[in-house]
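Trainee: Please model the complete structure; the sequences and the hints are all you need to start from.
Listed below, chain by chain, are the residues.
Protein chains: 2
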Amino acid sequence: MTRERLYLYDTTLRDGQQTQGVQFSTLEKRQIAAALDALGVDYIEGGWPGANPTDSEFFANPPQTRATMTAFGMTKRVGRSAENDDVLAMVLDAATPAVCLVGKTHDFHVKTALGVTLDENLAAIRASVAHLVAKGREALLDAEHFFDGYKANPGYALSCLRAALDEGARWVVLCDTNGGTLPAEIGRITAEVVAAGIPGDHLGIHCHDDTGNAVAGSLAAIDAGARQLQGTLNGLGERCGNANLTTLIPTLLLKPPYAGRFETGVTPQALQGILRTSRMLDDILNRVPRRAAAYVGASAFAHKAGLHASAILKDPTTYEHIDPALVGNARIIPMSNQAGQSNLRARLAAAGIAVEPGDPRLGRILDVVKAREDQGYAYDGAQASFELMARAELGLLPAFFEVKRYRVTVERRKNKYDRMVSLSEAVVVVKIGGQKTLSVSESMDSAGSDRGPVNALAKALAKDLGPYQACIDDMKLVDFKVRVTQGGTDAVTRVIIDSEDSQGRRWSTVGVSPNIVDASFEALLDAMLWKLVRDGVQPA
Amino acid sequence: MTRERLYLYDTTLRDGQQTQGVQFSTLEKRQIAAALDALGVDYIEGGWPGANPTDSEFFANPPQTRATMTAFGMTKRVGRSAENDDVLAMVLDAATPAVCLVGKTHDFHVKTALGVTLDENLAAIRASVAHLVAKGREALLDAEHFFDGYKANPGYALSCLRAALDEGARWVVLCDTNGGTLPAEIGRITAEVVAAGIPGDHLGIHCHDDTGNAVAGSLAAIDAGARQLQGTLNGLGERCGNANLTTLIPTLLLKPPYAGRFETGVTPQALQGILRTSRMLDDILNRVPRRAAAYVGASAFAHKAGLHASAILKDPTTYEHIDPALVGNARIIPMSNQAGQSNLRARLAAAGIAVEPGDPRLGRILDVVKAREDQGYAYDGAQASFELMARAELGLLPAFFEVKRYRVTVERRKNKYDRMVSLSEAVVVVKIGGQKTLSVSESMDSAGSDRGPVNALAKALAKDLGPYQACIDDMKLVDFKVRVTQGGTDAVTRVIIDSEDSQGRRWSTVGVSPNIVDASFEALLDAMLWKLVRDGVQPA
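Sequence lines, in order, name chains A and B. Mapping of the first sequence onto full-length UniProt numbering: residues 1 to 540, in sequence order. Mapping of the second sequence onto full-length UniProt numbering: residues 1 to 540, in sequence order.
In short, the hints are calculated from the structure, not lab data. Model, not experiment: these values are computed from the prediction. Keep in mind that a hint or two might mislead.
Identical copies carry no separate label here, and so any pair may be met within one copy or between two of them.
What the hints assert, rightly or not - Subject to a maximum C-alpha distance of 25 Å in a straight line, what follows is the list of computed SDA-like cross-link-like pairs (lysine to any residue):
#1 Lys404 with Arg419
#2 Lys151 with Asp223
#3 Lys255 with Lys416
#4 Lys370 with Gln20
#5 Lys370 with Glu57
#6 Lys414 with Ala152
Mentor: Okay, structure coming up:
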């Protein structure tokens, strides 16, 4: 059976860079291009040569990719020839195998934004595409505002597409530039374009998410016959972003009616890497990954409702539309006060603790969870603390050490240079196997700036732990989240700490108190205890 | 012209609470319910009475709303009567005017998850709905896994809907529980359901975002005739979340073919408040608002591409699909210094500070904003600190007092009853008009529990302010938000403090430092300064 070819065109490096606050370095562009190539997209739009120094530098030394490297630009300006248009010349100078030029197809824009006649614009499209083809490049026309243009003047909008194809453009891409066209209309208009004689295998779709429909609009165009899909990783892009390829690729490969219908460059193995690719982009942008993202979000397969969790245990297909492993993701059954005993058993099993159904201790643990959550604890974001609490209830938590007392001081005053500076100092007294130890630390980083009381406490606590030292030295605090929440009738502070060790494990612990230092200390202590338990360290 | 009625059903408080990491307090539930009521939704699903203490407490004393308050539950279990089902009884005990019960409609789930016969399940639906109706409640059936069920066994799935309607259910809601059905299929199946005789004005739609299509799926069902739309604020909800009402409401009110077609409870005024409602929920959850969110995101009308920005200046409709003011949002042209200055002048004018266009100090203030934001400050959420910073640059900030130094200590140890207790103590040295004052406070609330170092500092700082005392005594700290963020290359802590005075004014201030105590102190100090400035107090 031959399958139809569907082409994936990524514009993370061009439209994605138009996201407010996003500015890739040349090195980051190379990293992202390599990841896109590994994922298996067909085209990588690298930027607009000449538009800014980074894009020019990227194209001066482009990475070697299997995907077709594409430069973006605009059709020649009216009043000069394609050969003499300096903006177009810079795009061609990038020497990419493919070039995509944005051209106007909406009569209102031709007149208002460009201030030229409809015929002049049409001639500019023709001459620009012909010039690309004459230079041996694969030519693409990005038909700007196509849907609005088609609604205003269908004949003119279509004539722009035909002009490009007549001159040898490989693709004409229907662009919903301002993101305002709803999926049903995108589907209808794309079908009319195909019916008007524009072949689907020369037709692309480029959607924006201004109504939250970029993914659905893209699917509607594919349903109507378009065979090139443009989008970005994580839906990056101007305003609300572009169609999210991190969502669309799994849908096209895994979901009926698409699964098995199209041939793409993405293998099942590469699909399993899509979560990692999504995280890599967030890392580059220093963004917190969106937990609720389709397929790749940390919560995408998290089953919090008790009814759902119990059915999942019987058969995962009851509440999962795909197997999370296919996109590199994993199932999570969080603890919360909505959870029932079956959630709890599944969660304990995941931590390596087997408890029989009906064991009365399950009920006791649930009671503790409820009571703690009423105090302001949140265990579904702090699995490690949950596990420690359950172990304590089950009698499975060794007594490693006892913190007898601590004291932390923050002092802010002028230094000898008459500048205000802070200094935090902590003393912790710990008893390990009958032996009492006092440790003191201050909180100064290598740049000489004070990191505050929690850092000082963490350093003092971890300073002298005798038999546990090697284990504890192998962990570090990687994130620290604070929120003020309700505990009973009063506001309390909830601190969640994420820790990591050299094995790449990452775990989260929680502490709650009206006093932020106490809450932090509780979460710190849990982080250490979890590490000792999981490493199988014997208590002194 | 009569318009068709479209009903909006919000489940932020129930399905939204099933978001991983989300646990509303009773007070927060009341706040959200009030905001939903002001927005104009028709139904507010408040939770599942009996499922957890918070939901039970919420329903024990429900807020008065114009919207129909709805309790969620499940159909009675097989093997007991509706009257004797304790789970159902707790739902009815909440005494809400409407009750929505989830019931199975997918044969596979009836057999696998419930382990009962298809007829037993049908009888349970009938008996449960009849019981609600007999008790005088408006009854809704949440038809779980309806689309998967319809594909597997259309006759059975439809018979479940008919059973509920026959017994007097006001609505049957087609639920795409695992979020796996694509919009085209949702549209087709909903149309078939209507064609099979289920009236559209008794038909609801409940979508999840597991393929990034919850909004589009909801629209497809409305296109096919469904007249109740279920969703949540900001798309909160189990796994990837529910259909986002913050996106769907503007689309249904503003975008063709929907604009003007439906009557809903949302007025144009209320629509302008939807951005604020969205932010309020993020505030409650201490989440960073999604910049790229459709309609309400901070970037939703940000025009970064140079071509777009210049066209926007000629005519905003060139790159905006709606007027941002209609949803309470505003256009941003990030790269334009000119736009920056006019924005800035507008913001200063709002604070009662008039500056002439072209004043060179405007450029300096913009430079300071940019430098501070690079350090981790966020002035969008801290208007009072922004105003103080601008006043300082403009030479309009009096020197009220100077903090010479402070010291705060947190000590945790056993008390005489052998219980671990904490004590925070702060010393602050302030100079007012040449006069130096030392103040000391500890942080103990009336219940004898320690509120931590920031509270101790606030008390010490406010203790002895001489000529300013009356003014400062008239303010209190009402909220405290902490976020770890990036400042230059290192993580820093950003603290935002909300304060309130007896005139009902509420203002927000920000502090940033690697040391959480310093960051809090900076925000505290700004809060006091703003109050002194706004009250027109003369410096000593």
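Trainee: All hints, please: hold or fail.
Mentor: Each hint, compared with the structure:
In this homomeric assembly, Lys404 and Arg419 come within 25 Å of each other (Cα to Cα) only across copies, at 11 Å, whereas the closest approach inside a single copy is 36 Å. Proximity of Lys151 to Asp223 under the C-alpha cut-off of 25 Å is found in both arrangements, the shortest distances being 20 Å within a copy and 20 Å between copies. Proximity of Lys255 to Lys416 under the C-alpha cut-off of 25 Å is found in neither arrangement, the shortest distances being 68 Å within a copy and 64 Å between copies. Within a single copy, Lys370 and Gln20 get their C-alpha atoms only as close as 35 Å, which misses the 25 Å cut-off; across copies the closest is 14 Å, which meets it.
Taking the shortest alpha-carbon separations for Lys370 and Glu57, only the inter-copy value of 14 Å comes in at or below 25 Å, while the best intra-copy value is 46 Å. Taking the shortest Cα distances, Lys414 and Ala152 never come within 25 Å of each other, neither inside one copy (64 Å) nor across copies (75 Å).
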